[in-house]
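Number of protein chains: 2
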Amino acid sequence: MPSSPQPEASRYSGFSYMPELRKDPVTDQWVIISPGNARRPADFIKHPVSSVRTEQNCPYCAGHEHSTPDEVFAFRHGTAPNQPGWSVRVVPNKFPVLCIEGPLEREGEGIFDRMRGVGAHEVVIESPDHVISMADLPEKAIENVLGAYRARIQDLKNDHRLRYVLLFKNHGEAAGATLEHSHSQLIALPVVPKRVQEELRGAKRYYKEKERCIFCDMIRQETKAGTRIVLETERFVVLAPYAARFPFETWILPKQHHSHFEEIDGAHLENLAWVLKSTLRRIDKALERPAWNFSIHTAPLQDGASPSFHWHIEVTPKVTRVAGFEGGSGFYINPTLPEESAKFLRDAGPG
Amino acid sequence: MPSSPQPEASRYSGFSYMPELRKDPVTDQWVIISPGNARRPADFIKHPVSSVRTEQNCPYCAGHEHSTPDEVFAFRHGTAPNQPGWSVRVVPNKFPVLCIEGPLEREGEGIFDRMRGVGAHEVVIESPDHVISMADLPEKAIENVLGAYRARIQDLKNDHRLRYVLLFKNHGEAAGATLEHSHSQLIALPVVPKRVQEELRGAKRYYKEKERCIFCDMIRQETKAGTRIVLETERFVVLAPYAARFPFETWILPKQHHSHFEEIDGAHLENLAWVLKSTLRRIDKALERPAWNFSIHTAPLQDGASPSFHWHIEVTPKVTRVAGFEGGSGFYINPTLPEESAKFLRDAGPG
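Protein chains in written order, with this note's numbering: chain Y, 1 to 351; chain C, 1 to 351.
A hint or two may mislead.
Straight-line alpha carbon distances no greater than 25 Å define the calculated BS3-like cross-link-like pairs of lysine-lysine that follow [unchecked claim]: (1) Lys255/C / Lys194/Y; (2) Lys204/C / Lys23/Y; (3) Lys255/C / Lys204/C.
Partial pick of chain Y residues on the chain C-facing surface, computed with a CB cut under 7 Å [said to hold, decoys possible]: (4) Leu21; (5) Gly147; (6) Ile333.
No wet-lab data here; the hints were simulated from the structure. The beta carbon of each residue, even a glycine, is placed where N, CA and C say it ideally should be.
Required output: the full structure, derived from the provided sequences and hints.
Set out below in structure tokens:
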């Protein structure tokens, strides 16, 4: 079993549900939805992310500002840079995977293409206190974090070598986090990542045919059906995608059509903070503090407003092991029905 | 650090090599190659796959034939089916993710598409003995395993509902294996997996422009340069791909152009057994028995011979954790230079 969360024998005793193949309407990716007996949240392996501090001398805590490179952004209360007295702080990653200096130097080598690894790699420190989970931050603090994302993207947009900003968060060791103090990461790239390109292409194809945004259509269809909806506010909808690749995969979409996250207004930012916190708390409750990742899917930096692309956030709890099988083939097997995962998160309550 | 194999602080002390972005010429996927200090095999986290048997009552061992569903194929020495006296045995997976019975029943649901999960899910038991690693099998046994792959694909090709056979192997728990007895898996699908489609599309685009196979060109350029070659025989070349997504990612390609693995002849099968064993032993030696996956990339079942696609095997040791970041964005960060990983595997000797 490629993504089996449990020993095979205890997992399936024949089908309690007929497996089906579902296609993501944006990327055209087929996913096997093959629920056996392991379909309730309690059936998944759990390595709960500890809520107890284990880290000593955390470089992200207030008072340790000099353990990080100099900040590039902060929400401060009249205090000097790189001193205590901040609520969110953005610093270059001490061990960046890309460098901000120099020209791209694109070059070929026979059939191959390369360029220098020019870009930015920053850390968004979400709180001066050693808070471990973003879900435990007050709404106002989450709003500040989202505001910092917006500010950093707007600033990096001025560098015309950069095409895309990946904003993502790894929560818990199983999701790739190496420091426990709650933080997000930003990687600004001179290229557009493949999955984003596929989403852009799929959305454009749909728009050409129908002159409608596929995500807007998805929101209309899903809010009407209700079965895959986790929660809904005046401004946002949270749902389990029809062809979810992972158990409890959850998307947050603004109801109003906007292609670029960084154009978000204050009212949406405030509501998104509540929606994100509620989503993360439901996931924590239903799956007992799993590790998770989220990433913001937004249109490329240097593109104008697009009528076909619709920014959104994808949250993926890490409850099964993804085997190389999936990475190598681009084919996913999901043991959980999206309708059931939505119901569990819906029933988990506002948190 | 999305794919940090080590705590950040010990990993980088600035760049010992300038990071670069490399593009896979087939799929157009950009990868960040960002080597820090962790670039030697010994720098990677190791959870060696134990070579000592821990499993009791293994359903795949000789004498336990009735613990599995009835075999669909076996190399037998004149013995009756489902009895001892076999060298390779193929059985349906006891807990399949797809079902072989019934029509596809394609249907729409507004903007969504689905079909019934029709397909096959089989297990190739590679040895009657409780051998844990395929690398420890004699060459002749590996040749039989590869022959069983060929036979099963040829048989499944007769079912016209099926479009693709994914043949893959998860070795070690970290790579998704749930039983230790060496086995491979086969999933026959009514759709072509996304990554294969991308490879087919990229290869076709190149062929249209140049009237040459991109993989043949890659083999010519790489054997001439030598820097990314791990080993070469009369019939096969083993190399680290230019835009490797994972440390020590290794591809095995036949030198002669063939689009379909199942058309392989006896001489190639025999040589491939040696090449695969040597590759796996080098990986075991250089990385101290890591978990790994391999998958066979071949042209779709029902397609005729293609001048643009070239079957090959992709082997990916599991030495770093892939964070949701990569899964979500389709963007990979590889801390190891392909030239260095090829050198380590080259120097590891024939095993």
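Lys204/C paired with Lys23/Y [C-alpha distance capped at 25 Å]: Holds: Lys204/C and Lys23/Y sit about 24 Å apart, inside 25 Å.
Query - Hint status (Cβ of Ile333/Y to nearest Cβ of chain C, threshold 7 Å) - result: Holds. Min distance 5 Å.
**OP:** Against chain C, run the beta carbon of Leu21/Y and see if the smallest gap drops under 7 Å.
**Re:** OK, holds: Leu21/Y within 7 Å of chain C, min 5 Å.
Does the structure keep Lys255/C and Lys194/Y at a Cα separation of 25 Å or less? Given that 25 Å is the threshold and the Cα spacing comes to 29 Å, the pair is violated.
message: Just to be careful, I want the Cα atoms of Lys255/C and Lys204/C compared with a cutoff of 25 Å; is the pair within it?
response: 19 Å, holds
- request: Let me know if the C-beta of Gly147/Y comes in closer than 7 Å to any C-beta of chain C, holds or violated.
  value: Since the shortest Cβ distance to chain C is 22 Å, the answer is violated.
In summary, the structure is inconsistent with hints 1 and 5 from the numbered list given earlier, while agreeing with the others.
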